[in-house]
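Undergrad: So you can see what is in the structure, the chains are spelled out below.
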Amino acid sequence: MHNLNPEDFSCPLPIMEYETIQLAHGSGGRLSAELVSRFFLPRFGNETLNRLEDQAVVDFPQGRLALTTDSFVVDPLFFPGGDIGDLAINGTVNDVCMSGAMPLYLAVAFIIEEGLPLVTLHRVLLSMEKAARTAGVQIVTGDTKVVNRGCCDKLFITTTGVGRVPDGVNISAANLKIGDRIILSGTIADHGMAILTSREGLSFASRVQSDTAALNGLVAQMLLASPHIHAMRDPTRGGLATTLNEFAASSHVGVLLEEAAIPVRPEVRGACEVLGIDPMYVANEGKLVAVVPAEVADQVVAAMRSHHLGQEAVIIGEVVAENPGLVAMRTALGAHRIIDMPVGEQLPRIC
Amino acid sequence: MKFVDEYRDPALAGRLLEEIRHTATRPWVIMEICGGHTHAIMKNGLDQLLPAQVELVHGPGCPVCVTPVETIDRAVAIAARPEVIFASFGDMLRVPGSSSSLFMAKSAGADVRMVYSPLEAVALARQNPEREVVFLAVGFETTAPGNAMALLQARREGLTNFSLLASHVLVPPAIRALLSSPSNRVQGYLAPGHVCTIMGWQEYEPLAEEFRVPMVPTGFEPVDILAGLLMVLRQLEAGRHVVENQYGRSVSREGNLAAQRIMLEVFAVSDRAWRGIGVLSASGLVIRDHFAAYDAERKFAVETINVRESELCKSGSVLQGLIKPDDCPAFGRECTPEHPLGATMVSGEGACAAYYKYYRTRHA
Amino acid sequence: MCLAIPGKVVEIFQENGLLMGHVDYSGTVNKICLEYVAEIVVGQYTVVHAGFALSVLDEEEARQSFATWQELIQAVAAQGTDIFGNPLEK
Numbered sequence: 001m002h003n004l005n006p007e008d009f010s011c012p013l014p015i016m017e018y019e020t021i022q023l024a025h026g027s028g029g030r031l032s033a034e035l036v037s038r039f040f041l042p043r044f045g046n047e048t049l050n051r052l053e054d055q056a057v058v059d060f061p062q063g064r065l066a067l068t069t070d071s072f073v074v075d076p077l078f079f080p081g082g083d084i085g086d087l088a089i090n091g092t093v094n095d096v097c098m099s100g101a102m103p104l105y106l107a108v109a110f111i112i113e114e115g116l117p118l119v120t121l122h123r124v125l126l127s128m129e130k131a132a133r134t135a136g137v138q139i140v141t142g143d144t145k146v147v148n149r150g151c152c153d154k155l156f157i158t159t160t161g162v163g164r165v166p167d168g169v170n171i172s173a174a175n176l177k178i179g180d181r182i183i184l185s186g187t188i189a190d191h192g193m194a195i196l197t198s199r200e201g202l203s204f205a206s207r208v209q210s211d212t213a214a215l216n217g218l219v220a221q222m223l224l225a226s227p228h229i230h231a232m233r234d235p236t237r238g239g240l241a242t243t244l245n246e247f248a249a250s251s252h253v254g255v256l257l258e259e260a261a262i263p264v265r266p267e268v269r270g271a272c273e274v275l276g277i278d279p280m281y282v283a284n285e286g287k288l289v290a291v292v293p294a295e296v297a298d299q300v301v302a303a304m305r306s307h308h309l310g311q312e313a314v315i316i317g318e319v320v321a322e323n324p325g326l327v328a329m330r331t332a333l334g335a336h337r338i339i340d341m342p343v344g345e346q347l348p349r350i351c
Numbered sequence: 001m002k003f004v005d006e007y008r009d010p011a012l013a014g015r016l017l018e019e020i021r022h023t024a025t026r027p028w029v030i031m032e033i034c035g036g037h038t039h040a041i042m043k044n045g046l047d048q049l050l051p052a053q054v055e056l057v058h059g060p061g062c063p064v065c066v067t068p069v070e071t072i073d074r075a076v077a078i079a080a081r082p083e084v085i086f087a088s089f090g091d092m093l094r095v096p097g098s099s100s101s102l103f104m105a106k107s108a109g110a111d112v113r114m115v116y117s118p119l120e121a122v123a124l125a126r127q128n129p130e131r132e133v134v135f136l137a138v139g140f141e142t143t144a145p146g147n148a149m150a151l152l153q154a155r156r157e158g159l160t161n162f163s164l165l166a167s168h169v170l171v172p173p174a175i176r177a178l179l180s181s182p183s184n185r186v187q188g189y190l191a192p193g194h195v196c197t198i199m200g201w202q203e204y205e206p207l208a209e210e211f212r213v214p215m216v217p218t219g220f221e222p223v224d225i226l227a228g229l230l231m232v233l234r235q236l237e238a239g240r241h242v243v244e245n246q247y248g249r250s251v252s253r254e255g256n257l258a259a260q261r262i263m264l265e266v267f268a269v270s271d272r273a274w275r276g277i278g279v280l281s282a283s284g285l286v287i288r289d290h291f292a293a294y295d296a297e298r299k300f301a302v303e304t305i306n307v308r309e310s311e312l313c314k315s316g317s318v319l320q321g322l323i324k325p326d327d328c329p330a331f332g333r334e335c336t337p338e339h340p341l342g343a344t345m346v347s348g349e350g351a352c353a354a355y356y357k358y359y360r361t362r363h364a
Numbered sequence: 001m002c003l004a005i006p007g008k009v010v011e012i013f014q015e016n017g018l019l020m021g022h023v024d025y026s027g028t029v030n031k032i033c034l035e036y037v038a039e040i041v042v043g044q045y046t047v048v049h050a051g052f053a054l055s056v057l058d059e060e061e062a063r064q065s066f067a068t069w070q071e072l073i074q075a076v077a078a079q080g081t082d083i084f085g086n087p088l089e090k
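Chains as they are written, first to last, in the numbering used here: chain P, 1 to 351; chain B, 1 to 364; chain G, 1 to 90.
Bear in mind the hints are in silico, worked out from the structure with no lab data behind them.
Just so it is clear, the structure is predicted and the values come from calculations on it, not from any experiment.
There is no bait here: all hints are sound.
For each label pair, taking beta carbons as the anchor points, the in silico distance ranges come out as:
(1) G:E11 / P:G29: 49 to 55 Å
(2) G:A38 / B:A108: 41 to 47 Å
(3) P:E258 / G:V42: 37 to 43 Å
Where is the CB? At the ideal position from N, CA and C, for every residue including glycine.
Kindly generate the complete structure, drawing on both the sequences and the hints.
TA: Below is the structure:
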């Protein structure tokens, strides 16, 4: 059932001939035009998009361009703390801003399974509108395709984003230097466990909330504190462990973490323990990990903590010369273990 | 988390380690039979912190690792039938059979579902009356009672479209086989805390007596494991060999009688093949004839299964504690978690996977 | 071999003829079969494996074994060093 919320009242579902998406909604004919004019434009409309050209023509400032694209497929479409809509906006905004760039424009493509209730699509669009407004980006062009039932799972969204990289900022996974500090913006594993505990077959009556959020405001604060950020990524699929392994491999250095320093929410830890899942490998959608020179680490952490998405920012380790290409962790008991790349998706286990 | 955090206290663990150092005056070999212990030891790096006199040997207590290739092949063949929804714990999905795994079967079109509880598989049968739901019921004595309950529940609800592909193993016969082996080096055992929660510890008493080996049912947090090791070491140093219970908050001498009763109502003890080890007498559980209608092996005839296993893989020796995973020539070369030759490299609890995951620096 | 985690029983009910309950692990709750621990009451802790409660955790026993360890700690602390041979902090 569709949960009622105040936003649905302020933005009522447009009246359409059909209650569900038909193949004709993607045909380019009258129904397509109706979908665009009644559903998409009221949510995303701006001067550029409203022209309904085949492409967006926009002003672009001088300097270096950051460009990224990402596809979003998530089951269920709606999960505690978010949905595919805000995920699709935030994910691409974050990928742009991990270069230090401020995201400016997004392109959005929808692949919709025939039969999707229009009320579901409307709910996703409302969520995208809100996320784009929060992140301060404009959706300037887009596309919609409808496929036969069974040819996609309800709704897939692809977003493409561009932004401008400020002068003097040079952020890359290959930039880690020995002695650098590793900063994490907050708790890990929230998003992945929100999805997993929402799945059928796992018996959860859960309280885990996704952390999906746009991080461009936090990144702006960090760059104000110091433009000398060496590396930065949002640890999505594969979790913190995968991102740090990518850093270590690209820079040919070792990474040494303090297990006790890495924050995990109690309910997320509880869910991880029950399913036998290591939070280091679980996806995040509103967190970043940054590698900065030791001498600016404290001021970057302080800047992060002044932003609401970085209140729990913490130094979790450092870049070392030992074991180049590998990530090691000092356990709470003082031993060391390797934090490897995951083989595949982590699965709940009984043993 | 209550009953977890206090057993991870670094200060308490440190003091227990200090006491272990004082207690062990000469070399001792102790086996943790349970893969859960192996996993916790590796994850916390406990073996790095123990004194050199205390050598830990990893045992075969991982149901994923000892499930015969033939069972995996049979599971894949049944899963491929169009009418079947094949349900399994997440652990078993990646385990390689002769030529395929359940994950590979899924990508080839089989309807394979992951469940957390065997009762979720019963729910699938209830919701899909036109389909046949088969649940891959693996596990030790800890898991078998839940799987038995699922079968009884399906019968109670009159569900005729539910069956178990059962492959259960028992711990004490494996310990007996290991201790009877001429190449045995193990002098003390951490007994499996959750198996003993169900079965109690009385069936370990004859083993401790006959083989003059101390046995300590032990919990799974670092403080539990260190306390269990200390209890084994104190017995070894004093020349004693009895069952002493470290995990008293969960384990009693007689165990969970209700769970034992249901388990033995549904399953009968039988000889059983362990992957990498061979057939051990009276070491497994099979579905009683009375419940044949719920036995997937009898319900779905699978024609020919040609079992093929890697000749390079030494997982049998690893499972028996005869060699360490990194003594195997294929370790980290032909055999990695991405391309496992044996199940010990697949399961999170498998000794080879645990070594690969946590200790690759030794080879780096 | 068997991953089992302690949690607190917060609700007990019947479902499809089985004794079931909700178990809380520091904020995450799932549905568990309580048939093997029929004597359990709300507020008690149980060890959960693959959707089944295996035992009612014995709080008194846990308290006592901690007391034993505490004595052990004090005995070791009396020697004045930690595991790395460093003097203990006061």
